[in-house]
Amino acid sequence: MASAFEYAPAPESRAIVDIAPSYGLFIDGEFTEAADGRVFKTVSPASEEVLSEIAQAGEADVDRAVLAARKAFEKWSALPGAERAKYLFRIARIVQERSRELAVLETLDNGKPIKETRDADLPLVAAHFFYYAGWADKLDHAGFGANPRPLGVAGQVIPWNFPLLMLAWKIAPALATGNTVVLKPAETTPLSALFFADICRQAGLPKGVVNILPGYGDTGAALVAHPDVNKVAFTGSTAVGKEIAKTVAGSRKKLTLELGGKGANIVFDDAPIDQAVEGIVNGIFFNQGQVCCAGSRLLVQESVQDELLDSLKRRLSTLRLGDPLDKNTDIGAINSEEQLTRITSLVERGESEGAERWSPACELPSAGYWFAPTLFTNVTQAHTVARDEIFGPVLSVLTFRTPDEAVAKANNTPYGLSAGIWTEKGSRILAVANKLRAGVVWSNTFNKFDPASPFGGYKESGFGREGGRHGLEAYLDV
Amino acid sequence: MSDKSEQQRLSVFKTYKLYVGGKFPRSESGRVYEVTTRTSAAGAAGKDKWLANAPLSSRKDARDAVVAARKAFGGWSGATAYNRGQILYRVAEMLEGRKSQFVHEVADAEGLSKSKAAAQVEATIDRWVWYAGWTDKIAQVVGGPNPVAGPYFNISSPEPTGVVAVLAPQESSFLGLVSVLAPVIATGNTAVVIASERSPLPALSLGEVLATSDVPGGVVNVLSGRTAEIAAPLAAHQDVNAIDLAGADDVLAKELEIAAADNLKRVLRPQPVDDWSAMPGTDRMTAFLETKTVWHPTGSLGASGSSY
Amino acid sequence: MSTAAPHALADVTASDSTLRRFLHGLPGVDAVGLEARAASLGTRSIKTTAKAYAIDLAISMVDLTTLEGADTPGKVRALGAKAVRPDPTDRTAPATAAVCVYPDMVATAKAAVAGSPVKVASVATAFPAGRAPLAVKLADVREAVAAGADEIDMVIDRGAFLAGDYLKVHDEIVAVKEACGTAARLKVIFETGELSTYDNIRRASWLGMLAGADFIKTSTGKVAVNATPANTLLMLEAVRDFRAQTGVQIGVKPAGGIRTTKDAIKFLVVVNETVGEDWLDNHWFRFGASSLLNDLLMQRQKLATGRYSGPDYVTVD
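Chains as they are written, first to last, in our numbering: chain A, -19 to 458; chain B, 6 to 313; chain C, 24 to 340.
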């Protein structure tokens, strides 16, 4: 929608964050080089500018870090819960204090809009630490029996789509319950985890309680396979999740997996249409659709299909794609060249299979990794774009005639992470929510998160829950 | 005349059959295997007494059982928790009435004295009663509203995982079996159970009790045979959602856990159990429950004039 | 009796029941989602050239208002002068859209803005309560129009609306529209704070548009809750959808409670991203406000000079 009211650039200042030219691994409270001296570069996906050079952890480093965590475990787990709580409260507060810096950093390293890191990621990070801090001295009352014990050393592998938030989801409950952690951030987004190491230092967290090992998949594989790890937590792709499940098979390692999804966002003909449009947009274009619980399949009742699609297309035309640091940017960069390639090839497949592709007029920056918001109509259950997780700003539109058909189509996937329901009829919400095989059901809203709200999937979307009282179980010997 | 009266009456043997989809089929393979008594003395002397021929289930039997369990899942998981509780209690009632049969079978199966076998059977009946009471309570214990920081009602509820393959414990042929089976179905899952390989008869007889206790066909499916042979296709089956490895040894358990990873089944690893009569916690129920969290906007009554 | 507008929805107002069925068949409004959308638009960062554009646009959209029992001809003349030349030190500052006064002040206001593009709007129909016989309300309107009002800001009968007597509300608007004739554009005030729910605001919007409103307007400024980004967003969605169905474009006027440049720019962002540039014009969008204008002028001076202005450098009215 071209308009006389053109917003001037409103970039958030980059000066607030000071990125060092290089970072080491964070082991036993110290930054250290990798044993074999390997490094890799992390780039800003919006510009391809190299942000920093990062030590790349190998097996020897995994050994060192697990050993440090093991050593720290004895004292950390023996601390009174109230003391552990205070460390976590400190961390929560420091995150709040440094939230603008961390938001800018995350936007630089990840490519997502500052609007999101500022208004979603960072507030949720602080809230998550604040929430689990409070649990640390109340575990006796959590419903797992008296004096539930921690597991030991947690090996945690997190993805690049919400780098610091996923770190918070992993580290906060682990520390609250008395475990120590070795965490591997994703290779494309290591910086916020390394800044978090500095927050641990400021908080005075004992050495070895948190260890950060940047690296690639092989680093993560070494970590989850390490014999002295007691707990494995992974967020990422279903394919890797299956590999990890095989790796830990036969061991005593407790495993939780938060994997992919192909969420159905179901719009009934009596939906609050304008809010449904917002929910659809939020569901698939939040974080460029690089969200495991994205509402990537729109299931719309045939009787409102035209009206809804018109509104949706009009709304997509107002999305602002560009510099992620601009406060008015709605759609940022795709996180990596690799991810952009995957999105591109799946979208090409969608076209070649006969689905109808549409994007608003949208100029893409010349440098960096970008993909325009995209709709596919004329999609059926048989299309690849209706079955495979694209993990990008691509929405597949399918239709249905009756609630039963909507539920059947929504559930017709190996995944089971999220779903949305839009209708003004209360009993329909409850009935449909009850029948959906998905761990999170948003009715008349989408993509809402809260530390008190358990999150996790059915079926191939993984197992275990993060958040809430439920999230403690993954880190307790129960 | 006197000769005749002294002559012992020839007993009628029971043909033990599988219990699948509410019916009692033989193994589709036509195979059986010999089940004998189990006393350490007899075993040592190589003189186990023949008890019966049990069906030696095949992978196709396993497949049929999964189909039956899947078919039953919608109805069973959709039944009210109160209804499931009544049905589980009905199982206890039926068992109580057939106690002597099971005492006999358990004694033979496990080489126990009558009194010890009776204690096992009584504990088993009481276990059904325990889980019958849980059906409509577990949701309140493990679920409920979550205080999210926003204008949303947010509630988490447990839901059954789906079709659960259960490898019953090898040693405790009846109490162990029910201790792993009852929690699975109490919460609304349906089960494919592999009976103790060596001592499958109490499990097969349990099928007869379930069939007369209003448990819908397919909710519990009992297979007998070689645990490893039947478990492998179940662990790999894409329409099985979870697997309880109670009856697997470490080597088999690892193999099965690897196979189970293909569709990310929930896996309950074998845990050492000294005494199956000990009071169970909720773990065996929660292992096969999913947590579903539902959000809905609330608005805020009266604030800012127009808000809902 | 209704004489509905000649468009695709003409049948809707044929009877009480068709009207009710139509209004209750409109899509519902989820309050949290609506407010979240409005709030998210409120986070837009409007800087430099965009801000300068927005400030001048906002000034040009102000219905500079005085609706006090203590209004005097002197006060109204001052208001008129200010509307015509908001910043006596800077002639590039645009005039406001209109001055808005009570009917008995229309002639005075008309004289005060004579020769300028500034319109005179008059509230009427027993403003603000609207609790008077229809004949009185119509007389009120005719007096104002006769005195030269270019625009009539009427209030709907909220009592009838809340009682579900939609056709009564509709017919009254039709009658007022007739009384306006071709001389005056009609703004229909819903008093959204009294309608209380967003569903009601959407229904009232459609009711007003079906009855021939040229503008739909949130509030009188006389109750606790007046214009908000959320209720204005909702009304913009209504005019957007109405135009899509009928081809007829209707204006929107949030009124009451908009006091700062920051607020005004948020509203303009809502306009820009909901209905686009077709409404970014004072023929289609207005701010009912009084103190807003001075804040816009101070911000305008700040942009021009680079230093913050103060209340002594804008005129009190």
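A hint or two may mislead.
Said to hold, decoys possible - Incomplete in silico selection of chain A near chain C, CB under 7 angstroms:
hint	residue
1	Asn308
2	Gln361
3	Leu456
What the hints assert, rightly or not - Listed below are the simulated BS3-like cross-link pairs for lysine-lysine, each with C-alpha atoms no more than 25 angstroms apart in a straight line:
hint	chain 1	residue 1	chain 2	residue 2
4	C	Lys98	C	Lys70
5	A	Lys226	B	Lys119
6	B	Lys119	B	Lys54
7	C	Lys70	A	Lys307
8	A	Lys415	B	Lys142
9	C	Lys74	A	Lys307
10	A	Lys222	B	Lys259
11	C	Lys325	A	Lys307
12	A	Lys389	B	Lys76
Unchecked claim - Taking CB as the label site, the calculated pair distances span:
hint	chain 1	residue 1	chain 2	residue 2	range
13	A	Asp286	C	Lys285	33 to 43 angstroms
14	C	His47	B	Phe158	20 to 30 angstroms
15	A	Glu282	B	Gly80	42 to 52 angstroms
16	A	Thr324	C	Pro140	29 to 39 angstroms
17	A	Asp120	B	Glu98	34 to 44 angstroms
18	C	Pro140	A	Glu287	35 to 45 angstroms
19	A	Gly123	B	Glu98	24 to 34 angstroms
20	C	Ala247	A	Asp120	11 to 21 angstroms
21	A	Arg129	B	Gly138	50 to 60 angstroms
22	C	Lys325	A	Pro(-11)	47 to 57 angstroms
I should point out that these hints are in silico values taken from the structure, not numbers from a laboratory.
All C-beta atoms, glycine included, are put in the ideal place defined by N, C-alpha and C.
**Hints violated by the structure (listed by number, smallest first)** = Result: hints 2, 3, 4, 5, 15, 16, 20, 21, 22 break, sorted rising.
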